[in-house]
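S.K.: Chain residues, written in single-letter form:
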Amino acid sequence: MKNSTFLQGLRDSLLLLLWGVFVLWLSFSGQLSTYLHPSLQPYTSAAGVIFLLLAFFGFRSLFTLQVTHEHHEHHGHHECCGNHLGHDHAEQAKEHQHHGAVDGMGAMIFKTILLLLPLAIIVSGKATAYSITTIYNRGVVDNINKLPSAKAGAAAAASAAPFAKSTASVTTVATSDASSSALASSGGPMPLQVIDMLYAVQMPSYREEFEGKEVELIGQYIPMTTGNPKGDRFQAIRMFITCCAADAKPVGVTVEYPKPLKVSEMGWVKITGKPTFPMEGGRRTAVLNATKVEECPAPSEPFVY
Amino acid sequence: MTLSTAWFHFSFSDFQYAFLSILLEGLPFLLGGAILSGLLEEFLPQSLMTSLLPKNPRTAIIVSGLLGVIFPVCECGIVPVVRRLLKKGLPVSCGITYMLAAPIVNPLVILSTLAAFRGQGAWEMTILRFGLGFTVAIMAGWIVSYFAPFSILRPGLLAPENDHEHDHSGSGGMVDRLQSTASVATRDFLDVAVYFVIGAAAASLFSTAVNQEIILPLAANPPLAIVSLMGLATILSVCSTTDAFIAATLTTFPMAAKLAFLVFGPMLDFKLLFLYGAAFSKRFILSLALGLFVVIGLLCWRISSLNLAW
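Same order as they appear, the protein sequences are chains B and U. Numbering-wise (our numbering), the first sequence opens with residue 1 and increments by one. Numbering-wise (our numbering), the second sequence opens with residue 1001 and increments by one.
There could be a bad hint or two in this list.
[Unchecked claim] Using 25 Å as the maximum straight-line C-alpha spacing, the simulated SDA-like pairs for lysine to any residue come out as follows:
1) B:Lys270 - B:Pro229
2) B:Lys146 - U:Ile1285
3) B:Lys111 - U:Val1194
4) B:Lys146 - U:Trp1301
5) B:Lys111 - U:Leu1273
6) B:Lys146 - U:Ala1219
7) B:Lys111 - U:Leu1218
8) B:Lys126 - U:Phe1010
[What the hints assert, rightly or not] Facing chain U, a subset of chain B residues (Cβ under 7 Å, in silico):
9) Thr44
10) Ala47
11) Ile50
12) Gly58
13) Ser61
14) Phe63
15) Lys111
16) Leu114
17) Pro118
18) Ile121
19) Lys126
20) Ser131
21) Cys243
22) Cys244
23) Ala245
24) Ala246
What the hints contain is simulated information worked out from the structure, not anything from laboratory work. Each residue gets a CB set at the ideal place from its N, CA and C atoms; glycine is no exception.
Please take these sequences and the hints and turn them into a complete structure.
M.R.: Here it is, written out as structure tokens:
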């Protein structure tokens, strides 16, 4: 057996093993939700299991090759692959790798580094959220009609679940913010999602359900650089995803809060206040008049869907 | 690390985040394609596939374009499958037609397009997407049929004739056959994954660093709108099963431009540009990219001038 064939087989199996371990670790630690829509997470988890299975078969293949090689050296036989073709040893080595050419050493090192790169990024633990740079590049959506599935969601919301019946969000938003249900049952401020306010801008009946009432909303803080003459406004945003964080769109509402704030850009804040829906610049918009803004930990589910 | 100009603001951590997201989303589909490739290699007799295709080359290309309806694979998984089918003897023209059409004509994509465009001419958009995608794929297949396969494929991808490589289907015990399937799947996955990693990096760079609002002023001019949305589809590299939901929100753009987004994106985006490198020569990929861009752009422009009621 050629050393390069064995080395490539070993490299392949180790890469698959590492990929399997990392993907399953992301899956079991709940970190997949930082990257993917819930509907796609099972596929990625399953891929982790399949990586391990392929690694197992890869190691088994290497072991079989090693044993066969030693057997051949000992007995001088030339049987391989079950085909009894009488190949010489060099051909046998090729035969077992016949589904892909063996890379040269330079190519093997380059490919190995490239395939280890994503794992190194995972280990670094730094790539878990967007900075404000991407938010500005993508632009904050403040019109529900510019969100995927928004019309369908709004129609379903209007027909199936009047807001007054429940304090839970009636949109397609993920509502796993831990505080929401507790607050609702204790009679505190009504928990609301950023996206609820955007729906309300478009739907008068929905708007009436919570306009002027005390609500609580969790979002990420970004300063307002335009449309903020008094300097008392900021935006609370959430990331809306269709399939993964790469397609995330920031959705946000304007928050009016006259007191000075010491919150870092993209920091999570819990806002208590009263929703208003004034006409600004010739169109209706959502503004949350805040009475209290405090920093809070990121919710377990950072996205809205 | 950040880098900033008027239209380009780069953040390394954002790039890494988008990069991992695309990889984690695409990996299962790429792996699925590689496993399908392993199964095809081990269990599909070479003679069966060639006997199933019509003998007339043009009819065979049309049938290949429709294979995606009954044999759905998304654009990430399609490359290892097509590589394997080509090695099994599928004519290159049929392979390319299947590769370009499958991510558009598959049932999941049809349903998602219908759902996404509800209230915005869903049936018209879905039929046009299917029809245009299918037509362009067949045109590409027909053109490719006039060229020698070695000028299109990477070396080593041509179907074996009398050389060392042979058909394994039907030989060995089940464990050995699974072992062989796994071996093929592993090699194919890792071969293609290298290109996928590079493609994901390119897509992440552009999707996080380029200010996407720069294309908004182009919406009022149909030709520019079409070109800009094809460019956006290339940059975003969204899966064809969900891209309709993104296109439907581009409300300021004309429908023909959205159609261009939905047809061009699944055939050629940044990650595919690199993924195709696992099967085809660089010269062919560049020609394909240019050809698709021009043909889809012109057809969508023509459609926009028809003033369809949608």
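S.K.: Please check whether alanine 245 of chain B passes as an interface residue: C-beta within 7 Å of a C-beta belonging to chain U.
M.R.: Nearest chain U Cβ about 4 Å off; hint holds.
S.K.: Under 7 Å, Cβ to Cβ, is where alanine 246 of chain B needs to be relative to chain U, so tell me if that hint holds or is violated.
M.R.: It holds, given that the least Cβ distance between alanine 246 of chain B and chain U is near 4 Å, below 7 Å.
S.K.: Decide if the proposed pair is consistent with the structure: lysine 111 of chain B and valine 1194 of chain U, CA atoms, cutoff 25 Å inclusive.
M.R.: This hinted pair holds, its Cα atoms lying about 6 Å apart.
S.K.: Identify whether the interface hint at isoleucine 50 of chain B stands, where standing means a beta carbon of chain U within less than 7 Å of its own.
M.R.: holds (6 Å)
S.K.: With a cut-off of 7 Å, does the beta carbon of phenylalanine 63 of chain B approach a beta carbon of chain U closely enough for the hint to hold?
M.R.: violated (11 Å)
S.K.: Please check whether proline 118 of chain B passes as an interface residue: C-beta within 7 Å of a C-beta belonging to chain U.
M.R.: Where the cut-off is 7 Å and the nearest Cβ of chain U is about 5 Å from proline 118 of chain B, the hint holds.
S.K.: Interface hint check: serine 61 of chain B, Cβ to nearest Cβ on chain U, cutoff 7 Å. Holds or violated?
M.R.: Interface hint status for serine 61 of chain B: holds (6 Å vs cutoff 7 Å).
S.K.: Has the given pair, lysine 270 of chain B with proline 229 of chain B, been kept, meaning a C-alpha gap of at most 25 Å?
M.R.: Given that 25 Å is the threshold and the Cα spacing comes to 24 Å, the pair holds.
S.K.: Does leucine 1218 of chain U sit within 25 Å of lysine 111 of chain B, going by the straight-line distance between their CA atoms?
M.R.: Measuring from Cα to Cα gives roughly 40 Å; hence the hint is violated.
S.K.: Measuring from the C-beta of threonine 44 of chain B to each C-beta in chain U, is the shortest one below 7 Å?
M.R.: Result: holds, 5 Å to nearest chain U Cβ.
S.K.: Quick one, are lysine 111 of chain B and leucine 1273 of chain U close enough, alpha carbons at most 25 Å?
M.R.: Answer holds: lysine 111 of chain B to leucine 1273 of chain U is near 18 Å, not above 25 Å.
S.K.: For the hint on cysteine 244 of chain B, just tell me whether its beta-carbon gets within less than 7 Å of chain U.
M.R.: Constraint on cysteine 244 of chain B satisfied, holds at 4 Å.
Figure legend: structure checked against the earlier numbered hints; hints not met, in rising order: 2, 7, 14.
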